[in-house]
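Take a look at the letters that make up each chain.
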Amino acid sequence: MSNKSQHKISDIFKSKFDEKSNQDLGWNNPPDFLFEEAISTINNNKERKKKRLIFFISALGLIGAVLLNQLYSAHKLNDLETKINHLVSQKQNDRKTKEIVKSIPTNPSKNSKKEDNKIESSKDKTISKAVKNKTSFEGDSPQLISQQNIIAKEIKEEGADFVKTRNSKSFTAPNTTLSILNPLSSIYGNALLSNQNRAKFDYFKDLADTEAVTSKSALKSKLGLHILNNLSTMKMSGPISVQQALTEYDKYYSGIGIGVDYFIPVTEKISLRNSFAYRRIQNQSLINSTLQYSKANEVIMSSNIAMYDMDNTLETPMGTLVERMQLVVDPNSTNDGDMLHHSTSMDQSLSIVNFATGIDASIFSIGKFNWHSGVQLCINYISNLENTFQSRYEMDGKMMGEKNTSINSINNSNHIFGSILFNTGFSYSLSDNLELSLGGTYEKSLNSLRTSDNNSKTFLVSWASQLGLRKSF
Amino acid sequence: MQEEQRLIDQCQKGVVSAQRKLYTSYKHLWFTTSLRYVVKREDALDVLQNALIKIYSKLNTFDNNKGSFKSWSTRIVVNESIMFQRKYWNTPEVGSGNLELLSETVSSSAISNLSLEELTKMIQSLPDGYRVVFNLYEIDGYSHKEIAEKLDISVGTSKSQLFKAKALLKKKLEPIYSDDLKMIS
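Same order as they appear, the protein sequences are chains A and B.
At position 458 of the first sequence the residue is numbered 571 (this note's numbering), and the sequence of numbers has no breaks.
At position 142 of the second sequence the residue is numbered 197 (this note's numbering), and the sequence of numbers has no breaks.
Just chain A, with the same shape it has in the complex (with noise of 0.2 Å):
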């Protein structure tokens, strides 16, 4: 044996495993289950993934609305202490001048002083009632009712302008209004508030508390859930695929779904509305297509037996399908070129996670009655999409197969699509912080679902009815 047919053991087995390696020896064929398991296993860590993707971003929404609204809270804080501290240094800067004033050496008689210190009395009496009652009184003398008239009038601007200046700023909050109160009482404390001041403050405590009732419900966060009932259709831009007639999609189907929503308040009319909701959207359509019958496709079984096997592809308005069909057929009657004609009867479910943000305005109301209406822009995302079809091939009138088929996944889809939300509706006051909401809505999606190789776009358009409950804390 010569040199030339030695061979490293190496050699051998590299170029022997690579010229075979890849040939079906009987022995080294897997089972195709084993293919099918893994596609299983590889959907259902993607729909884990998904599950985990929309916990995370409820969890984030919530912890960002909750942080939103201590920020709100902590900035309507911050606005009051500055207002308590502007009026306690304008009254201390008064109460200043007037030890100032009082200060001044004067060499009264000492009846006139008596008379003074009477008529001093006497003036407070008067004014105190005078403000609270806003009347003079007969006996007054003319100086008197003139001075009466000057302290009342400023107090009513005072307070007027106070309470102008805390309407605009809306940072009168129900709880925080003793917090006003109280550091003006113990700065104005009986023995040191005149009764011109004391006047003033019972005047301006009066107004706070009124202010207080009535903007109460107003400045309130509400936390609200709802139910929803949708009808929804699909738009599309224009012909979905030169091949395939597409029909029914854009008539109306109803769905459900539910909803929280969290209103955090901007003003008394105005307030910041988020809301999250999962729903389920409806859709049907029909596909319609002529096929060319391929010889190629046939395997045969027997002389005149054959199994046409081939994959249609189903251009539906949320994305591809393809569907795989064998039909049993006659090699010997058919030719290339005959035409199959197939039908599709689609129902197609989304499974829709909605994020919105935006604003609601309370209208007005009438009693319990209060009529809103508002904007949310909005991010869905499809976590789920199921495609229940029955296909149907005929060849010559004759009907060549059937099939039933579900699949919960589909190609050439937008899984994330922006929409905007327009709402209106009544709610009706149950009790001081419960509330009963009824409403309906308008969405359309800022972007299309999907694209088609046609270049045809598919947009979503719902309209909703909404009952809900929403309590204030």
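Among these hints, one or two may not hold up.
Derived PhoX-like pairs (lysine-lysine); straight-line CA-CA distance at most 20 Å [as the list claims (entries may be wrong)]:
| no. | chain 1 | residue 1 | chain 2 | residue 2 |
| --- | --- | --- | --- | --- |
| 1 | A | Lys162 | B | Lys68 |
| 2 | B | Lys68 | A | Lys570 |
| 3 | B | Lys125 | A | Lys133 |
| 4 | A | Lys189 | A | Lys382 |
| 5 | A | Lys163 | B | Lys68 |
| 6 | A | Lys408 | A | Lys511 |
| 7 | B | Lys176 | A | Lys133 |
| 8 | B | Lys125 | B | Lys113 |
| 9 | A | Lys129 | B | Lys176 |
| 10 | A | Lys481 | A | Lys382 |
| 11 | B | Lys227 | A | Lys129 |
| 12 | B | Lys176 | A | Lys127 |
| 13 | A | Lys382 | A | Lys584 |
Calculated Cβ distances over 10 Å to all of chain A for the following chain B residues [stated by the list, open to error]:
| no. | residue |
| --- | --- |
| 14 | Ile63 |
| 15 | Asn120 |
| 16 | Arg130 |
| 17 | Phe139 |
FYI, nobody ran anything at the bench for these hints, they're computed from the structure.
For each residue, glycine too, the CB sits at the ideal point set by N, CA and C.
Fit chain B to the known structure of chain A by using the hints.
Frame of chain A, contents of chain B only:
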């Protein structure tokens, strides 16, 4: 190649029929590879299933400019096989001796009659450590440095296990083809 790339593109888009076709094209190669590393058929099937999950999950990361799909997917099967094997294997002691005295050559007429199944069984009969190093170096083309890193052993251990593996294979060939086998040195 273009046809394969089209198939991979479809798989990346999630077309199940394309994924099935890809499986049909490569299933024998992948299973033979896992059988070279893992002795029991059932274990090799487990390894293949785990490898399939990784191949189809990571298909989006495959870049044909960096190498062929065949070598990319085979590497995944090899890695899965090693991961499985590492749970059980027992690294044999590195023996001392005149390693360079043994020849690595045999006559081609003896080998040409061996089937792939017989060669696979021969590899499977090697001790765990020898088998893995022989497969990695001689058939799958890894360097000793790569093997050392992959198996957490020294380069010297890798070299000596390879040598011992070859010596054992040669011994196993001797009784079957004693007439044809010829030692060069």
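_Contradicted hints - numbers only_ = The structure conflicts with no hint, since it agrees with every one listed earlier.
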